[in-house]
Amino acid sequence: MELNSETIKKLRGLIVFTVAAVVVGINYRRVLAIAGVGFHMLFPFILGAAIAFILNVPMRFIERHLRIRKINLKRICSLILTIIGVAGILLLVCFVVTPQLLETFRILQGSIPVFFAGAQAWLEQIFASDPEVLAVIQTIQIDWQSLFSQVMGFLKNGAGSVLSGTISAAMSIVSGVTSFGIGLIFAVYILLQKENLGRQMRKLILAFFPNAAARKIFQVAALTERTFSSFLTGQCLEAVILGAMFFVTLLVLRLPFALLIGVLIAFTALIPIFGAFIGLAVGAFFMLVTDPMDALVFTVTFFILQQIEGNLIYPHVVGGSVGLPSIWVLVAVTIGGSAFGIVGMLVFIPLCSVMYTLLREEVNGRLEKKKKQKAEDR
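For the sequence shown, the working numbering assigns the number 1 to the initial residue and increments by one for each residue that follows.
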């Protein structure tokens, strides 16, 4: 191998990389600790970037349809309308759901004791021929009034006194609010200057990377932005449609807790595959303690609507925006949920879609090259 300047430069880089890898491997605990501190310091800005990305989806739609000629004024108005719209939706849901939730707890306070009394009587009839089991069942006594009073007292006073009396919890809350505030301000700056930031990032990549690598980075970034935006838009729209379907259907069937269950399913449906089943479990429990037949009807209705949503609505609303086969969606949700919880479930689907698309393009390109090479050899 000829030792020219280019080869020496590559060897020097390889040696530096090897030494750095060995040092990191030996001191990996300290490196992880430093990385954790760095992530904690950068978290408000990472959060701000995530908020900016989410808000940019409706903001871009508003900006396209807002008829204002001055670009700066159009950008500011679009951002204000986006923030007002998102905050308004969250506040509306809170104001609508909170009274329903309190009413549900009031109903459950009277229904749960009746339900357990009926279940206890049913068990006594079944085990009437077994005196030992019957004696155990008859000794089960629960003071429901005292239990509910203790729970409500803890929710009103106990949790508040614990939080107010714990300095670490208070500091954690203050830190969280501060991080969210800094992130929101940073997101506003990003959204107001997104074109300038995009140009600066493009110049930075072109300056430090070869042209071929820079083009690949731009291609991957565009694919990632397009996939994440389409997934976010489709998932939110699909969740709203599913929640509305459940609300209307439960009203038509005269089942209780229609609004609460509809909103709950709309929110939990944002979690792919498993999310709506959380709404099924909560709704079925609420109805079970009031009327077991309502719980049965609700469960059957849930699976019918799930089939309609999964086979008719989801393919048209979300469609090919993700471009990931169903088996890999399940893998992405499972791995993302195990690693990072609910956030991981939401992020890993579009992330795996990007990786799947890149891998598919690479595989098809290599197969095409082999086919051409084989044709030339003939």
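Don't read these hints as lab results, they were simulated from the structure.
In this text, all values refer to a predicted model and were calculated from it rather than measured experimentally.
You may find that some hints are simply not true.
[Claimed, not checked] Pairs of lysine-lysine residues, derived as BS3-like cross-links and limited to a Cα-Cα distance of at most 27 Å, are as follows:
| # | residue 1 | residue 2 |
| --- | --- | --- |
| 1 | 74 | 194 |
| 2 | 216 | 194 |
| 3 | 216 | 203 |
| 4 | 216 | 74 |
| 5 | 70 | 216 |
| 6 | 371 | 216 |
| 7 | 74 | 370 |
| 8 | 372 | 216 |
| 9 | 70 | 194 |
| 10 | 203 | 9 |
| 11 | 9 | 194 |
| 12 | 10 | 194 |
Status of the hints after comparison with the structure:
1. 74 to 194: holds, 14 Å
2. 216 to 194: With a Cα-Cα distance of about 21 Å, the restraint between residue 216 and residue 194 holds, given a limit of 27 Å.
3. 216 to 203: holds, 14 Å
4. 216 to 74: The given pair, whose Cα atoms are some 33 Å apart, is violated under the 27 Å limit.
5. 70 to 216: Violated, because 34 Å separates the two Cα atoms, which is more than 27 Å.
6. 371 to 216: Cα-Cα ~24 Å, so holds.
7. 74 to 370: Given pair residue 74, residue 370 is violated - Cα atoms ~51 Å apart, limit 27 Å.
8. 372 to 216: holds, 23 Å
9. 70 to 194: holds, 16 Å
10. 203 to 9: holds, 25 Å
11. 9 to 194: violated, 37 Å
12. 10 to 194: Roughly 36 Å between the alpha carbons, so the hint for residue 10 and residue 194 is violated.
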